[in-house]
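> Listed below, chain by chain, are the residues.
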Amino acid sequence: MRRHRTLAVLALLGPFCLLFAGCFLAPIGYALYQSLLKVERSGPLGLGSDRSVFAGAANYAAALRDDEFTGSVVRVLLFGVVQVPLMIVLAVVLALLLESASARWVPFFRSAFFLPHGVPGVIASILWGFLYVPGISPIVKLLDDLGLQVNFLSSGTVLWSIANIVTWQFAGYNMLIVIAQLKAVRLELYEAAKIDGANAWQLARYLKLPMARPAIVLTTVFSIIGTLQLFSEPLVLRPLTVAVNDTYTPNLNAYTQAFVNNNYNLAAAEAVLLALVACVLSFGFLRLVGRQEDE
Amino acid sequence: MKYRIIVASLLAVAAVYFLVPVYWLVLAATKDTTGLFGSNGFWFADPHPIRYLRMVLDYDNGIYGRWILNSILYAGVGATAATLLSSAAGYALAKFSFPGRETVFNVVLAGVLIPATALALPLYLLFNKIGLTNSYAAVLIPCMVSPFGVYLCRIYAAAAVPDGLLEAARIDGAGELAIFGRIVLRVMTPALVTVFLFQFVGIWNNFFLPLVMLSDQKLYPVTLGLTSWHGYTDRAPILYQLTVGGALLSVIPLMILMVVLQRYWRSGLTQGSLKV
Numbered sequence: 001m002r003r004h005r006t007l008a009v010l011a012l013l014g015p016f017c018l019l020f021a022g023c024f025l026a027p028i029g030y031a032l033y034q035s036l037l038k039v040e041r042s043g044p045l046g047l048g049s050d051r052s053v054f055a056g057a058a059n060y061a062a063a064l065r066d067d068e069f070t071g072s073v074v075r076v077l078l079f080g081v082v083q084v085p086l087m088i089v090l091a092v093v094l095a096l097l098l099e100s101a102s103a104r105w106v107p108f109f110r111s112a113f114f115l116p117h118g119v120p121g122v123i124a125s126i127l128w129g130f131l132y133v134p135g136i137s138p139i140v141k142l143l144d145d146l147g148l149q150v151n152f153l154s155s156g157t158v159l160w161s162i163a164n165i166v167t168w169q170f171a172g173y174n175m176l177i178v179i180a181q182l183k184a185v186r187l188e189l190y191e192a193a194k195i196d197g198a199n200a201w202q203l204a205r206y207l208k209l210p211m212a213r214p215a216i217v218l219t220t221v222f223s224i225i226g227t228l229q230l231f232s233e234p235l236v237l238r239p240l241t242v243a244v245n246d247t248y249t250p251n252l253n254a255y256t257q258a259f260v261n262n263n264y265n266l267a268a269a270e271a272v273l274l275a276l277v278a279c280v281l282s283f284g285f286l287r288l289v290g291r292q293e294d295e
Numbered sequence: 001m002k003y004r005i006i007v008a009s010l011l012a013v014a015a016v017y018f019l020v021p022v023y024w025l026v027l028a029a030t031k032d033t034t035g036l037f038g039s040n041g042f043w044f045a046d047p048h049p050i051r052y053l054r055m056v057l058d059y060d061n062g063i064y065g066r067w068i069l070n071s072i073l074y075a076g077v078g079a080t081a082a083t084l085l086s087s088a089a090g091y092a093l094a095k096f097s098f099p100g101r102e103t104v105f106n107v108v109l110a111g112v113l114i115p116a117t118a119l120a121l122p123l124y125l126l127f128n129k130i131g132l133t134n135s136y137a138a139v140l141i142p143c144m145v146s147p148f149g150v151y152l153c154r155i156y157a158a159a160a161v162p163d164g165l166l167e168a169a170r171i172d173g174a175g176e177l178a179i180f181g182r183i184v185l186r187v188m189t190p191a192l193v194t195v196f197l198f199q200f201v202g203i204w205n206n207f208f209l210p211l212v213m214l215s216d217q218k219l220y221p222v223t224l225g226l227t228s229w230h231g232y233t234d235r236a237p238i239l240y241q242l243t244v245g246g247a248l249l250s251v252i253p254l255m256i257l258m259v260v261l262q263r264y265w266r267s268g269l270t271q272g273s274l275k276v
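As you go down the protein sequences, you meet chains A and B in turn.
Going by UniProt numbering, the first sequence opens with residue 1, and the numbers climb by one from there.
Going by UniProt numbering, the second sequence opens with residue 1, and the numbers climb by one from there.
Check before you lean on any hint, since a few could be wrong.
[Said to hold, decoys possible] In silico BS3-like links for lysine-lysine, alpha-carbon gap of 30 angstroms or less:
1. A:Lys194 x A:Lys183
2. B:Lys2 x A:Lys183
3. B:Lys95 x A:Lys183
4. B:Lys218 x B:Lys129
5. B:Lys129 x A:Lys38
6. A:Lys194 x B:Lys218
Treat the hints as calculated values from the structure; they're not laboratory data.
Chain A extracted, bound-state conformation (with noise of 0.2 angstroms):
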């Protein structure tokens, strides 16, 4: 009885356990491995044949070194610390409005809102990029009849260009969430809060928007991780402006470091740094959720 347990865990169980490691253990310990190795290159004027010798943390210090790496580090930092507050709020307002009572033709509007969430990441900015690049987008025609000289793609705006795709796809799937939550809380709450006579702003703030807070946190995490991935956004936008270069984002400029300087072992440490800013940021985050909840 016991062995067949055993053997049911192992074939449940294994199956994923394999194809877990494969893809993410095995590439997280090559990744690691990679970034302590350097390529030397041997014989006369390095025209010999190239061989890997470990480097220790050589990579990590040429990468920790190089402005363009911590630059990108800094500014996808920036990206979040704006983009993803004003995304969950903006998120978390459209679900409460749509909870509401007083709301209207909800299905509609939550199928709107939800709506670009099936749009590609590259899709939405290539589109997007239409609507920002002078001559075809009518945006910047519509603004420029009314007076307003916008470039969305200098190097002072595209950045907020780029929040703006992540917002518009986003968005709506994280007021999905949010309402997701808020469809779990017994009814009863409400009506006792409405008896009481809570209106419906109080009824939203004191009693609906603490409901909602576990979506919030999980969207929030997962807004963090997303933010430090940026890579299709600035890659789609790169031919458009010059206000884009080829290590705009950590994530490009790994790729750049990978498939067009053939760095690999700095392209691998810079992986490395990005899962471990990641890792530090998304903890960090729950933990701070954690101990205001236990105070």
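Based on these hints, arrange chain B on the given structure of chain A.
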């Protein structure tokens, strides 16, 4: 009444924001490259939707159709496999006690927090070593692993699969795998639908992994294919028009899927977020 007007106008403003780009895309797909640059983007100009969308499908010996089929293959096969693997693993973690169970679960949970793009690069280097890059398998295999799916399935199985049902089946002499295949999967269907949808959309929208893994155009999913067209617009202006038309064609099925199946997102997500 005052509330109602305020709420309605706020919702309407938000709807304009979310829908205007889609509206522009639908109109733009009815124009050729000249029309795209020369006409009012918010209105029709000499519309020929059928002819221009046919041009998308015919260009370069119909490569676009192949990209769509590739996307369906990657997302369909990847999501099906991921769902089955996640449900088996989630069920095992929820309903069997064995040494190391919590360790396994915590490692999988940490996997949820690791940026997928940080994995793609080393995964490419590994696959390159064993000669697996630039093949269907290179994209499919990583797509079959969903730590978030395991997490959802464990929570769902713990709450929804009654121990009594399992014991009764065992007393009747049913094997463990038969119990999983005939009983557990049926009970877990709502969670399975959610995991499948998540993974399907995730793979369909994925860009970095196929970009890193694939060099042969014939293996591209539609996201990668359209981006390659977009990158060549300088040299072949007709690609402006084809990119726009191709983008519209590719988002229609997924948008319909998202809107029709919304409730599965909501029901499944509650399972996940309640426990965080």
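> Regarding the pair Lys95 of chain B and Lys183 of chain A, is the alpha-carbon distance no greater than 30 angstroms?
Roughly 28 angstroms between the alpha carbons, so the hint for Lys95 of chain B and Lys183 of chain A holds.
> Does the alpha-carbon distance linking Lys194 of chain A and Lys183 of chain A stay inside the 30 angstroms limit?
Holds: Lys194 of chain A and Lys183 of chain A sit about 17 angstroms apart, inside 30 angstroms.
> If you draw a straight line from the CA of Lys194 of chain A to the CA of Lys218 of chain B, is it 30 angstroms or shorter?
violated (60 angstroms)
> Given the hinted pair Lys2 of chain B and Lys183 of chain A, is their alpha-carbon gap at most 30 angstroms?
Within the cut-off at roughly 25 angstroms; holds.
> Does the alpha-carbon distance linking Lys218 of chain B and Lys129 of chain B stay inside the 30 angstroms limit?
Given pair Lys218 of chain B, Lys129 of chain B holds - Cα atoms ~22 angstroms apart, limit 30 angstroms.
> Take a quick look at whether Lys129 of chain B and Lys38 of chain A sit within 30 angstroms of each other, Cα to Cα.
holds (17 angstroms)
Comparing the model with each earlier hint shows a violation of hint 6 alone; every other hint is respected.
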